[in-house]
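*Asks:* Now for the letters of each chain:
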Amino acid sequence: MMRPTIVPAVFYKDPIAALRWLEKAFGFEIASLITDGEGRLAHSELTYKGGALNVGGEWEGPIVGPARMRSPQTVEGINTQFVRIHLDDGLDDHCERARAAGARIVDEPTDQFYGSRTYRALDLEGHVWNFSQEVRVVSGEEMEKATGLKIHTSLSEVGS
Amino acid sequence: MTVTVRPSVVPILWYQRPRDAIDWLCRALGFEALMVVDDGDGGVMHSELRFGDGAIYVVGPPRDGMNGASPRGVNGRNTQHVHLNLAEGLDAHCAQARAEGAAIEREPTDQPYGDRVYTCLDPEGHSWSFGQPVKAMSVAEMAEATGHRIDTPGAHG
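Going line by line, the protein sequences match chains A and B. Per my numbering: the first sequence ends with 160, consecutive numbering throughout. Per my numbering: the second sequence ends with 317, consecutive numbering throughout.
Isolated chain A, as found in the complex (with noise of 0.2 Å):
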């Protein structure tokens, strides 16, 4: 199995609902599942156009420490992460298929000043996803004009 080097977890409160909803409304495909004694999910790993992901039910133990894996939906609808993915392309499909499967379209499909063409999604838990797709190639001081934003390479350029 082809190993990406960051793999992202992410947790639900139903794990299993979870997967079969990322891959009807996302397309994600579910490469591995492992299952314990009593048929509970104990890990998953999801593929998309050679990313990866792993989703996995709400859980905490000695070795995350004092870090407690929730969801969403446990959290008042807090992320402390989001997930971007990169399409090639069918950027506005792949939302109109999220959307028919009951993603909550937070931003439509909208093109960037950075070039990329993205939407936002809620899935069932609240979990925010990004989808990017590249539609041109914009240079980082069209950036810095478009934006009136600093753009920076490195962080030896920004004081602290």
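The hints are simulated quantities; they were obtained by calculation from the structure and are not laboratory data. Keep in mind that a hint or two might mislead.
[Unchecked claim] On the chain A side, residues computed to face chain B include the following (Cβ under 8 Å):
1) A9
2) W59
3) H152
Backbone N, C-alpha and C define an ideal beta-carbon position, used for all residues, glycine too.
For chain A, the structure is supplied; the task is to place chain B on it using the hints.
*Replies:* Chain B only, in chain A's frame:
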């Protein structure tokens, strides 16, 4: 400016002090900051940090209506976790993280599924794990070793 890393799946992490976080992630965990976009108000609207052919984006501080928070702002709860697959040097990576103040929660340990793994928390409480393959195992061997049932519907042939 070269931003050459565009993996298909990229986690975006929220921090209360994103500049400190970027600095720390580079020193402690070996990331390289490719791009930092100021939000004009002391925060970071967008940034790209590379590790090998993987990337993360660091943003913050959380603003109203964004649905984002650092784990520090929500009593250590994490709605996601980041796992990194290292090719080599896991123990040295852990030593570097510890020296920079990471809270090592699981010391580097060989796991029954063939990886050596350690876990840590960063200064704002984001949970990280790092793995390195130390023993090639078949799916059947992993199932045997862990006592779990393993289905691989995506595998062909």
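*Asks:* Take the hints in turn and mark each one as holding or not.
*Replies:* Here is what the structure says about each hint:
1. A9: Given a least distance of 4 Å, the restraint on A/A9 holds.
2. W59: Constraint on A/W59 not satisfied, violated at 10 Å.
3. H152: 5 Å, holds
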